[in-house]
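Q: Sequence:
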Amino acid sequence: MTTPTWSQHRRVNSFYKNATHSPDTTLGMTIDQTRILPSQVATMSPSLEHVFTMRMYTSPDKALVIPEAKGNNHRIIAFLTHGHIKGSGLEAELLPGGADWILRDPDTNTGHLDVRVQFRSKEGHGIYIHFKGVLQIDEKWMEVFTGGPKARTLEFGENEWLGSPIIETSHPELKWVERSAFVSELRWFIDDDGSVAVENAVYKVKPSRA
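Residue numbers 1 to 210, in full-length UniProt numbering, belong to the letters of the sequence shown in order.
There could be a bad hint or two in this list.
Stated by the list, open to error - Calculated lysine-lysine pairs in the DSS-like style (CA-CA distance at most 25 Å, straight line):
id: 1; residue 1: Lys122; residue 2: Lys204
id: 2; residue 1: Lys132; residue 2: Lys62
id: 3; residue 1: Lys132; residue 2: Lys86
id: 4; residue 1: Lys206; residue 2: Lys175
id: 5; residue 1: Lys206; residue 2: Lys86
id: 6; residue 1: Lys175; residue 2: Lys132
id: 7; residue 1: Lys204; residue 2: Lys86
id: 8; residue 1: Lys206; residue 2: Lys132
id: 9; residue 1: Lys175; residue 2: Lys122
id: 10; residue 1: Lys175; residue 2: Lys204
id: 11; residue 1: Lys175; residue 2: Lys86
id: 12; residue 1: Lys132; residue 2: Lys204
id: 13; residue 1: Lys140; residue 2: Lys150
id: 14; residue 1: Lys70; residue 2: Lys132
id: 15; residue 1: Lys140; residue 2: Lys62
id: 16; residue 1: Lys62; residue 2: Lys150
id: 17; residue 1: Lys122; residue 2: Lys86
Stated by the list, open to error - What follows is a list of derived Cβ distance ranges for each label pair:
id: 18; residue 1: Glu91; residue 2: Asp193; range: 20 to 30 Å
id: 19; residue 1: Glu123; residue 2: Glu68; range: 38 to 48 Å
id: 20; residue 1: Glu158; residue 2: Gly194; range: 14 to 24 Å
id: 21; residue 1: His171; residue 2: Glu139; range: 34 to 44 Å
id: 22; residue 1: Lys150; residue 2: Thr110; range: 15 to 25 Å
id: 23; residue 1: Glu178; residue 2: Asn109; range: 31 to 41 Å
id: 24; residue 1: Lys150; residue 2: Ala181; range: 34 to 44 Å
id: 25; residue 1: His82; residue 2: Arg209; range: 36 to 46 Å
id: 26; residue 1: Leu162; residue 2: Met142; range: 11 to 21 Å
id: 27; residue 1: Thr53; residue 2: Gly124; range: 13 to 23 Å
id: 28; residue 1: Lys70; residue 2: Glu155; range: 24 to 34 Å
id: 29; residue 1: Pro149; residue 2: Glu123; range: 42 to 52 Å
id: 30; residue 1: Glu155; residue 2: Asn109; range: 16 to 26 Å
Hints are computed from structural coordinates only; laboratory data are not their basis.
Note that the coordinates shown come from a computational prediction; the quantities given were computed from them, not determined experimentally.
A virtual CB, placed ideally from N, CA and C, is assigned to each residue, including glycine.
Can you build the whole structure from these sequences, using the hints too?
A: Now the structure itself:
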């Protein structure tokens, strides 16, 4: 390997000095060339692709509510008894043991989600899903939770109920979920027989240049 000469060092240092400190250029480009316009930000934003829908049944009247569990917050443990996940070639059954350990801030009526659930596919593969999220506990949400007379299926987006699932699986055709990022939107779903479920629409986050 040839040792750089003193004159080469001077040329390299001069280039970086000009690129770093010059008010007019950055690595040979003008400031106008490096500026990102608002219209460009919009076109560069990540997009979402719906990949799964989870439906997890619960019995709100059997939820465990612990007032003032952590400071002035309330802990709400909602047990998820049965259900399914479908989409992207996957169909799996919810297994026992899942729940949402919600921490509710009574000052803002914000619920901080902590959900852990597990499924088994028709082929026998396991799927484990853990997600955090936020929930705005408003009157519509409480009407379903308390079994009120106005309880009904809510549309997605009627109240703020969002999550960010992390998925693990032994399914060989679904290993892509372990290297993907997801967001989800949740709602109350009430069956014709009155059974109450949490429905969770899961979206894969696609990079801005994908």
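Q: Each of the hints needs a verdict: does it hold here or not?
A: Verification of the hints:
no. : hint                        : in the structure
1   : Lys122 / Lys204             : holds (23 Å)
2   : Lys132 / Lys62              : holds (22 Å)
3   : Lys132 / Lys86              : holds (20 Å)
4   : Lys206 / Lys175             : holds (16 Å)
5   : Lys206 / Lys86              : holds (20 Å)
6   : Lys175 / Lys132             : holds (21 Å)
7   : Lys204 / Lys86              : holds (14 Å)
8   : Lys206 / Lys132             : holds (20 Å)
9   : Lys175 / Lys122             : holds (16 Å)
10  : Lys175 / Lys204             : holds (14 Å)
11  : Lys175 / Lys86              : holds (16 Å)
12  : Lys132 / Lys204             : holds (16 Å)
13  : Lys140 / Lys150             : holds (8 Å)
14  : Lys70 / Lys132              : holds (18 Å)
15  : Lys140 / Lys62              : holds (19 Å)
16  : Lys62 / Lys150              : holds (20 Å)
17  : Lys122 / Lys86              : holds (11 Å)
18  : Glu91 / Asp193: 20 to 30 Å  : holds (22 Å)
19  : Glu123 / Glu68: 38 to 48 Å  : holds (46 Å)
20  : Glu158 / Gly194: 14 to 24 Å : holds (20 Å)
21  : His171 / Glu139: 34 to 44 Å : holds (40 Å)
22  : Lys150 / Thr110: 15 to 25 Å : holds (22 Å)
23  : Glu178 / Asn109: 31 to 41 Å : holds (35 Å)
24  : Lys150 / Ala181: 34 to 44 Å : holds (37 Å)
25  : His82 / Arg209: 36 to 46 Å  : holds (41 Å)
26  : Leu162 / Met142: 11 to 21 Å : holds (18 Å)
27  : Thr53 / Gly124: 13 to 23 Å  : holds (21 Å)
28  : Lys70 / Glu155: 24 to 34 Å  : holds (32 Å)
29  : Pro149 / Glu123: 42 to 52 Å : holds (43 Å)
30  : Glu155 / Asn109: 16 to 26 Å : holds (20 Å)
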